[in-house]
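Whenever a hint applies, use it, and build me the whole structure from the sequences.
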Amino acid sequence: MELHQQQRKQNSTSSASSSSGASPGNAVVLAGGSKTTQQQQDYDSSHSSSNTEDYTDTDERRRRIMKNRARNNRLMQQQQQQVHQQNSVALVARPSGLKKHLDGADPDRITLVVDNTTFSINPALFTAHPNTMLGRMFSSGLDFTHPNERGEYEVADGISHTVFRAILEYYRNGIIRCPPTVSVQEIREACDYLLIPFTAETIRCQNLRGLLHELSNEGAREQFEVFLESLILPLMVASAQRGDRECHVVVLSDDDVVDWDEEYPPQMGEEYCQTVSSTAMYRFFKYIENREVAKQVLKDRGLKKIRLGIEGYPTYKEKIKKRASGRVEVIYNYLQRPFIHMSWEKEEAKSRHVDFQCVKSKSVTNLAEATADPALELDSGK
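Here the sequence shown is numbered in full-length UniProt numbering, starting from 1 and rising by one per residue.
I should point out that these hints are in silico values taken from the structure, not numbers from a laboratory. Don't be surprised by glycine CBs; every beta carbon is placed ideally from N, CA and C. Accuracy of the hints is not assured; some may be wrong.
Cut-off 30 Å, straight-line C-alpha distance, at most; resulting in silico cross-link-like pairs (BS3-like, lysine-lysine) [to be verified]: (1) 346 to 305; (2) 305 to 295; (3) 322 to 286; (4) 321 to 286; (5) 286 to 317; (6) 346 to 319.
Between beta-carbon pairs, the in silico distance windows are [claimed, not checked]: (7) 266 to 175: 53 to 63 Å; (8) 128 to 312: 48 to 58 Å; (9) 292 to 322: 41 to 51 Å; (10) 255 to 346: 33 to 43 Å; (11) 212 to 265: 55 to 65 Å; (12) 218 to 283: 15 to 25 Å; (13) 199 to 124: 17 to 27 Å.
This is the structure in structure tokens:
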């Protein structure tokens, strides 16, 4: 009798522990333990309004998330050798998504390895988007990648499995839903790497500030490319045709009036710079973020010694003073306007002309004596 009671207690204990480890709605099977289950629950609940205030984008939380992710990866690596079949996962963020795939169930599927996690995917999802990197890799007739000894394809180096799982949604329904534990910048970098469009139509996330910031950066890059080709490049070409090696451009608004005195122009070198009147570009450079994007674009185009900022620029005569000595002084009205300075020569490509190559002895401290070549010739003749 006591033996039967003990067996019943053991059975009830084992069933309770097994039921407590299961997660309802957790459609992805990973060998990462309870922390991976918690990440999936957080992802499934990312659309509730209660998580909006809980999600913060601080550096403290980012470090904590990276530590937890690294710990989960180590656990998965240890258990992968024992339960390899449990590590085969598929994208099932929604009931209509990909179903869980067991080895040998569908010969048309391929296995991808991302961040030590395997994904079983139908390659037709990728080939339907030939402009993306994965679409090019698995298109017919193209041989971009080779499987390893186990027949798996190792792709997306440097991208976490959580980000890659979210990226796979794009191939199924054209939308990427940002997990709450992943920053928008990380999703953006993954999209750039995998050649997936990062737009308001393809991205859904709770962190609107982060999303709009990345969208603004992309819009600023495209807008500055237009300014560069249509307004700035002609001024750079004009400077190069004069033999200059650099260009200084001040951006004025369309309403700015420049009226300099021909006899008494400003004495600060502004007469050597060039100006462009564009209210749109003037407003564009008001934001420091746009100036940083523009600087990166100029770097990508191979330019050097790039400086962007805001400086005072003289526009028109404000006062004319005549000193007692008869000297005339003109006071100009200065406006704070954006400027761009760049060079198309390398940093080290400076003038190699040296004016003091005549020093012939380190013991001679007088430059006049060192340059006395006739005296040296007489001494050598003796």
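These are the hints, each one checked on the structure:
1. 346 to 305: With a Cα-Cα distance of about 8 Å, the restraint between residue 346 and residue 305 holds, given a limit of 30 Å.
2. 305 to 295: Distance ~10 Å between residue 305 and residue 295 Cα, so the pair holds.
3. 322 to 286: violated (37 Å)
4. 321 to 286: Violated. Residue 321 to residue 286 sits at ~34 Å, over the 30 Å cutoff.
5. 286 to 317: OK: residue 286 and residue 317 at ~25 Å, within 30 Å.
6. 346 to 319: The hint is violated at about 42 Å.
7. 266 to 175: 53 to 63 Å: This hint holds: roughly 56 Å between Cβ atoms.
8. 128 to 312: 48 to 58 Å: holds (56 Å)
9. 292 to 322: 41 to 51 Å: Given about 46 Å between the Cβ atoms, the range holds.
10. 255 to 346: 33 to 43 Å: At 39 Å between Cβs, range holds.
11. 212 to 265: 55 to 65 Å: violated (44 Å)
12. 218 to 283: 15 to 25 Å: Once the Cβ atoms are compared, 18 Å apart, the range 15 to 25 Å for residue 283 and residue 218 holds.
13. 199 to 124: 17 to 27 Å: Once the Cβ atoms are compared, 24 Å apart, the range 17 to 27 Å for residue 124 and residue 199 holds.
Hint violations for this structure: numbers 3, 4, 6 and 11, all remaining hints satisfied.
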